[in-house]
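K.L.:
Residue numbers (the working numbering), protein chains in the order written: chain A, 1 to 407; chain B, 1001 to 1235; chain C, 2001 to 2352.
Possibly wrong hints are sitting among the right ones.
Unchecked claim - The list that follows gives simulated cross-link-like pairs (lysine-lysine, DSS-like), each with its CA atoms no further than 25 Å apart:
(1) C:Lys2293 / A:Lys58
(2) B:Lys1127 / A:Lys166
(3) A:Lys166 / B:Lys1202
As the list claims (entries may be wrong) - Per the computed footprint, the stretches of chain B lying under chain C, defined by three or more beta-carbons under 8 Å from a beta-carbon of chain C, are:
(4) 1015-1029
(5) 1048-1056
(6) 1097-1110
These are computed hints drawn from the structure, not numbers from a lab.
From the three backbone atoms N, C-alpha and C, an ideal C-beta is built for every residue, glycine too.
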Amino acid sequence: MTIPVELVNGPGRKNKKEFTFSEEHAPEDFHDHLWELEAAGELVVQRVPEPYLEVPVKYGRTKKVPIGQTWHHKSCGQCGHIPGYSTSIFWVNRKLGIEYNDPTDQTSCTAWNYYASATSNQAAQACVAMRNFAAAYESDHFPIIHCGTSFGHYKEVRHEILTNAKLRAEVREILASMGKPLVMPEEMIHYSEWFHAMRHDIAKHQVLDFSKIAVTVHPACHYYKLVEGDAIYDPEVYGGQRTAIVTGLATALGAEVRDYSTWFDCCGFGFRHILVQRDFSRSFATQRKIKRMKEEADPDVTLTHDTGCVTTLDKSQFAAKAQDKDFATIPVLSEAQFAALAMGAHPFLVCQLHWHAADYKPLLEKMGIDHEKAWAEFEEQCGRLERNEAKYLTWEDVDSAPVEAAR
Amino acid sequence: MTGIGAAFKLEPKYPEVPYEEKARLFAEIKADARYDDYLYGCYECGICVAACPSARYYDFSPRRIAQAAAREDVELIFEQIQEDIWDCSQCFSCLRCPRGNNPGGIITIMREVAVNNGLDSAREALKGYTRIIYKIMSTGTQVSPDMLQADAFPDWGPTVAATSENLELWRRALPPDTHHTTKTGWQISTKTLVELYLIWHKTGALDLISELDEGLHSLLEEVMEDLLEEEGYEL
Amino acid sequence: MSDTVVVIGGGPAGIEAARNIADLGMKAVLVEERERLGGTPIFESYAALTPHFDDAEEAMDGMIAALAERAGADVRTNSTVTAISGEAGDFVVTVDGPSGSEEVAAGAVVLCTGFTHFDPGRERQIYNYYQYPDVLALQDLEVMLKAHDVRVPSTGKVPERICWVQCVGSRDRNIGNEYCSKVCCGVASKQAIEVRKIAPDSRAYIFYIDMRMYGYWEQQIYWPAQEQYHVQYIKGIITEILEKQGGLIVRGEDTTMGRPMEVAMDMVVLSVGMEPSEGTKTMAGVLGVEQNKYGFIEVARPPLDTVSTNREGIFAAGAALGPADLEDTISSAGAAASKAVALIRRGSPAVV
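For reference, chain A alone in the conformation it holds in the complex (with noise of 0.2 Å):
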């Protein structure tokens, strides 16, 4: 990004070519209080273990990656709608070689429900946070967290166990009663931040040319607004000056990334919205992101990395469509999906398109991915599980599927 201020350099105006943050107006690090409690033998910080990755965040500040011994924070709307997200962020581990754990002893955030009923209070959102920290702590394993929004709540957790004395004290006495210790992650990592982390690892294993891809990003409100702090902005995409969470990915993977002017709204998820009022979050969605999008960027796809960003983007358009002939959709994935196809993952054995709703065969089309044949395999696999000649489809089984159609 060049910076045009010399159009207007005065003489003896010093203008930086470009923007740079500095530590001198960052605003307090939490790890300064979190190692504070720590040595006061109040709670237990789980360190990044080693290898881990350096990314930059605001102020000049960087935050550490784990590559590995990862403790996967499983996402309900993931899980349970888009089940390709998760799917596709465990292959390109497995791809890549790496190790983790995708743990039972995991219970979701609980966040989507609270911000959309308020049916909870803070404590029990704190205790809910802190058992799942303290259960990655017992695995021997580092968080690392799928939904945006849980990654938010956390952070948002994370900020009033830090403090306030009361809270803390109500919630290690709890933990105590369950026999678990008060842990709190070193570092609070979104899966999005290893993808970002990992980019060029994942470039290094890709097999398809995405060069003739476009894309628009949609960066997850709860990823970079709920609490400020601690989100990528690296100083190589937008300059710094935008979070360069999956725009960093996509430019990696080859993808050209096109910008429109509604990138800051959020989706129109609402979290009760999405369940009980859809019509406010399908005429959001629609209207001020995907509508915007097409005129503005014409992209062959979106990409986002959170689950209700995901699903509401996707499945808005459907109505939309039906309403009005010439509305024209966008496919949706996330970017942990788009990197696996990258790599050469199964359209439908990985990336489970078949969840999704909005037309993706055309993106797939120009990606060289033939869909007809890779729909057959897919099928294929389903009528040996229908035969009862196995059970479950395995990852053996995605990795000895025939991927030809991927090429």
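Start from chain A and add chains B and C according to the hints.
P.N.:
Chains B and C alone, transformed into the frame defined by chain A:
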């Protein structure tokens, strides 16, 4: 302010209550430990409104929420608890407030008070939502694959019907071991669920919904007590 | 006891302080880091000064010429103060200049190192200053106004619609600048008047939180801007500046009317606030004087003493003390000069 918002507006049919009752509700909002962190003062600059998705479609303004709270206008705050708070999208775009206010966070607290006190607005807003509360509190995951039913999501197109018809098969066709579930998002161990139930009990989160929906409360209480007793916990 | 006062910084405050010191019969050594005097009005190419529309260069040249007539004023350009020792009345100030390092005996020091403009890259609203050529800061427009040639950078055309966005980097808890920068409302209004004079067919808008033009500025700038030049004042701050079809769209809430707005503009000027200059922050360290949380120099005995720092014999003036307009700057320079001279005359530190 006018707009299509009016069509979506919750029915403003709530009973008038004495001033003392409104003051009590506001005192409950203010007593929340997060309140001081969420409200400083309001410039009326409109930054929160311009960033707010709900303000585009409803007669809703995060600025009015912050302003009413800053003025401690008990009458207006009561009106907002009954009419406005459920319009918020909880996206927290309003956190760009130069004063450091968190209008979305104030609304979270106001909603909690509305639920805790079983106010009409909470009952109205959460009509049709109670099955979700049941799901999250009883299973530990918010949405489950078997919720994808064509009659529940007619506007999401034919994918939903295809999913629900093939649900059991398609869940088995997922490589991660934890994903073969249909009633929960993923497989959760019994020990984990027991711990979650203990949290709902010990933090008062379960009691919180008794004012909102006594039937739901009893049902959840029963489910939880059964499991906890089975696992050797005396409540 | 030395009869010399070292003045650091050759902008309006420093020049005025040095001149007063010389006029009061003492010697002033004026140390300026850059190659010439004049400070921010010169180096940032200010056009007309607020509120009287004097030509900034002429005004500064006048101040500099007047100083040159004072035999008691010794101007050292390309020079910096690198160390200080001793106490009030008997300081030894190390001045590094083109001909090497020199130790200057001084009875007192006046710090006049001023401010810098807030960098819009730190703004938490989405203004895209570094992305869009047609989003400017106040000082960028000053360059154009000085040339009497206001054009949209990307097109080279005279703007038809131009707006100012107030409080950029000021009054913001999240940025950490909780203060009002005092001058931006006046400067933006002054600029709007100048633009309307240069481009009479243009429409000018100012988006604000509160318009703050105290005392006579009301009638000197605010009323003329509204009544003679038809500058439109809209209460509501812009949250986003976006590019659309070659032009800019500003998005915000018109809070008076209670409605969202998305307005097309050719050019947007960010009314950036004041922050302590690098010189102010560095010199505070060298001199060992206290700074407030924003980095400006802290006065030790407010409100009745507006220029004394926590270190006896060291005074500060102008925007080194915090956001200040030119009138405040000149006044505090006079106050600092008189207190410095008084200290030397009395032969002992000030009696509180």
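K.L.:
Now look at each hint and say whether the structure bears it out.
P.N.:
Status of the hints after comparison with the structure:
no.: 1; hint: C:Lys2293 / A:Lys58; verdict: holds, 21 Å
no.: 2; hint: B:Lys1127 / A:Lys166; verdict: violated, 34 Å
no.: 3; hint: A:Lys166 / B:Lys1202; verdict: holds, 15 Å
no.: 4; hint: 1015-1029; verdict: violated (count 0)
no.: 5; hint: 1048-1056; verdict: holds (count 5)
no.: 6; hint: 1097-1110; verdict: holds (count 4)
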